[in-house]
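All chains should be modelled from the sequences, with the hints used to inform the complete structure.
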Amino acid sequence: MAKEKIIELLNISKIYDGNPVVKNISLSIKRGEFVTLLGPSGCGKTTTLRMIAGFERPDSGQIFFNGKNISNVPPHKRNINTVFQKYALFPHLNVFNNIAFGLKIKKVPDGEPYEKDGVKYQNVRSLTKDEITTKVNKALEMVDLADFGYRHVDSLSGGQQQRVAIARALVNEPEVLLLDEPLGALDLKMRKDMQLELMSMHKKLGITFIYVTHDQEEALTMSDTIVVMDRGVIQQIGSPVKIYDEPANIFVADFIGESNIYTGIMNKDYVVSFLGKQFTCVDKGFKYDEPIDVIIRPEDIKVVSADDKKCLMCVEVLSSVFKGNYYQTTCLTCDEDTYGDRNEILVHDNVECTVGEIIGLYIKPFDLHIMRKSRVVNKLITHMEDNFVVDICGGKFECMADLPADTPVEVEVEFDDVLIIDDENDGTICAEVVESIYKGSYYLCILRTDDYYEFFVDTLDEWNKGDRVGININADKIKITPIEVNDEQE
Amino acid sequence: MNKSSSNQQSRRALMISRKVFSYPYLIFMLIFVVVPLVMILFNAFIKDDSFTLANFVTFFSQREGLAILGNSLVLGFATTIICLLLGYPVAYILARYHVKTRTLALLFIVPMWINFLIRTLAIKEIFMTLDVKLGMGTVLFGMIYNYLPFMILPLHTTLTSIDKSYGEAANDLGCDEVSVFARVTLPLSVPGIISGITMVFIPTISTFAISQYLSERTVMLFGDSIDMMFKLTETWGVGSVMSLVMLVLVIIANVLLNRFNKDTTKGGGLV
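Respectively, the protein sequence lines represent chains P and A.
Numbers given in my numbering equal positions in the first sequence, counted from 1, plus 1.
Numbers given in my numbering equal positions in the second sequence, counted from 1, plus 34.
A hint or two may mislead.
Result set (SDA-like, lysine to any residue): computed pairs, CA atoms no more than 20 Å apart in a straight line [as the list claims (entries may be wrong)]:
#1 Lys-105/P with Leu-155/A
#2 Lys-136/P with Glu-176/P
#3 Lys-78/P with Tyr-200/A
Simulated DEER-style distance windows between Cβ atoms [what the hints assert, rightly or not]:
#4 Gly-19/P with Tyr-131/A: 19 to 25 Å
#5 Asn-12/P with Tyr-131/A: 49 to 55 Å
#6 Gly-19/P with Leu-60/A: 56 to 62 Å
Note that these hints are calculated values from the structure, not bench results.
Using N, Cα and C, we set each Cβ at its ideal position, and we do this for glycine too.
Structure follows, in structure tokens:
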């Protein structure tokens, strides 16, 4: 069977009250695939699913289903069914009637299509009672609830309600099944069982599943393709193995599995330096001395003795915890990096280490994942508020530029020049912490201001996601360049 | 064993101590509900200081009295149905389009702050100024005007409590907006409908002031004639019989509504 595209999203954006929830995403899904939209809460994955289902209209962009633009088609005319997060089983109907709900509305072609006055007609009819009963019973059997037809939905356990919800969607024979965190309300064991069942259902039915979850393990277990979303943007699309082994950026690496993430510099092809040392790697094609991020999975780091020939760096053991099939060892580098900091390294290896011991670490060049930084400096276009005062995200910041009011300017601020203030009222502008990634000796935080600009900030403190903070920037740290305005606009 | 029995004992002690709090209400109910009911029951069987069924005979043999009862029931049904037809769309729109509770209060609750007799008299004045003939029509208007909020409020509560995802699920399974309403919203709002009906129908069949004021006593309702029996003619026995008939009607209405409610939605009864 040819794997043609069944669903295609083209430059989709969705804004709620000025908040861009989904930003210009494009995605195509092949027929029969099991696709998972994965991301932390608030990343836009559920909104994306709801746009595919038709409950939300995109503010811009198009959605194609079998090549047809369905962006403005209401949900009841799409051959797509949804399993809702809280199941949404109708409380006034029993299990049988819940499942039969869609079938009772459905119209099927009756007889051969005919032509009259050059217009094609097709008679339709409702399904007969017997047809409905047969289909519902088959669906009940498929989800192992054969004798539950006349039970009331309230009398079912969470897992059983889940199965009814799946049966209710599948009985309509949709081409695409959407699942919105369907296992979120189940306990761990039930969740594992349902994961396997959903996978076997997917295999048996051969229809397309689009699954939304924030549980990375669930996504890695079940999917053919994972779409990692963060802050309304698709960060990476790929198979579970690819997503895990070759994360596209630090956000994906941080979200999926555990990782050591460091900032480094690509000295030349196949040579990278970070943690104050040079390493051989397998990457090339970067600019000379380009700043990059390095990601190393803890299980890719091997413990060797400090005087071993293979030893790439010496570290001091901070803690070593037995985790069943490996020891989780936290180490601190003996040498300082270029900023004069010692960095933490997380190692998963089956060697037990004693606290305080100096050990050597070895990493294969292949296991150093090197990626371009998505941003090296905070840059935004704004205007002067007054001489020596610039407007940044609605706040008035003092600066060193003597430019008249309303001069359009470009502002640049380095990551570590943005000061985070604990009390949002003490900052010149307020922002919400949307990301906090540990980079060995400091945190990379992303702060979203109230007008949705994202500041990248290097900070020594850990800030919790969702916290409200204030932002200050010292006057001498704001770099201002006036920009020329197109005369045509005037 | 020992531990559990002592546990039980302490729990029993706790229950007794909790019960004490209900005594004031029990006493209140006894004096102001049970005793009057017993007195009515007693009065119904007494005529000229002797125990007799004569009062029942008097009531059920008078054509006039039965006609008034019939009138009251018809008016009660009409009021309830019109209130439901007017109130449902209002409640639906308020719930659906997230109208602020304050707006709701302003529209439907603030008028209730004004004494209902004053409101009724005001309507009467308006009708008189407009030269509308007072009669059955104006009484019906007054009833609807006074009882509409009691229909809207329970409906609004029920409709806002219906989870949005049910509508979406129905949409997803092939319903357009009209059939979402018919197949999901309407059945799920039955408890609200029942409670609205109860709160409108039962008062309308027993009220007396509205009909008195808005018809210049040309329309007699059951409540009016009970009122008259006690106040004007002082035939307490027949008045008591009529009160009992009223009580039986209310009980029947409640039982029927509750049964209907249980049949359609399990455990959603508000009354």
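Structure-based check of each hint:
1. Lys-105/P with Leu-155/A: 53 Å, violated
2. Lys-136/P with Glu-176/P: 17 Å, holds
3. Lys-78/P with Tyr-200/A: 17 Å, holds
4. Gly-19/P with Tyr-131/A: 19 to 25 Å: 21 Å, holds
5. Asn-12/P with Tyr-131/A: 49 to 55 Å: 31 Å, violated
6. Gly-19/P with Leu-60/A: 56 to 62 Å: 58 Å, holds
Hints 1 and 5 from the list above are not met by this structure, while the remaining hints are.
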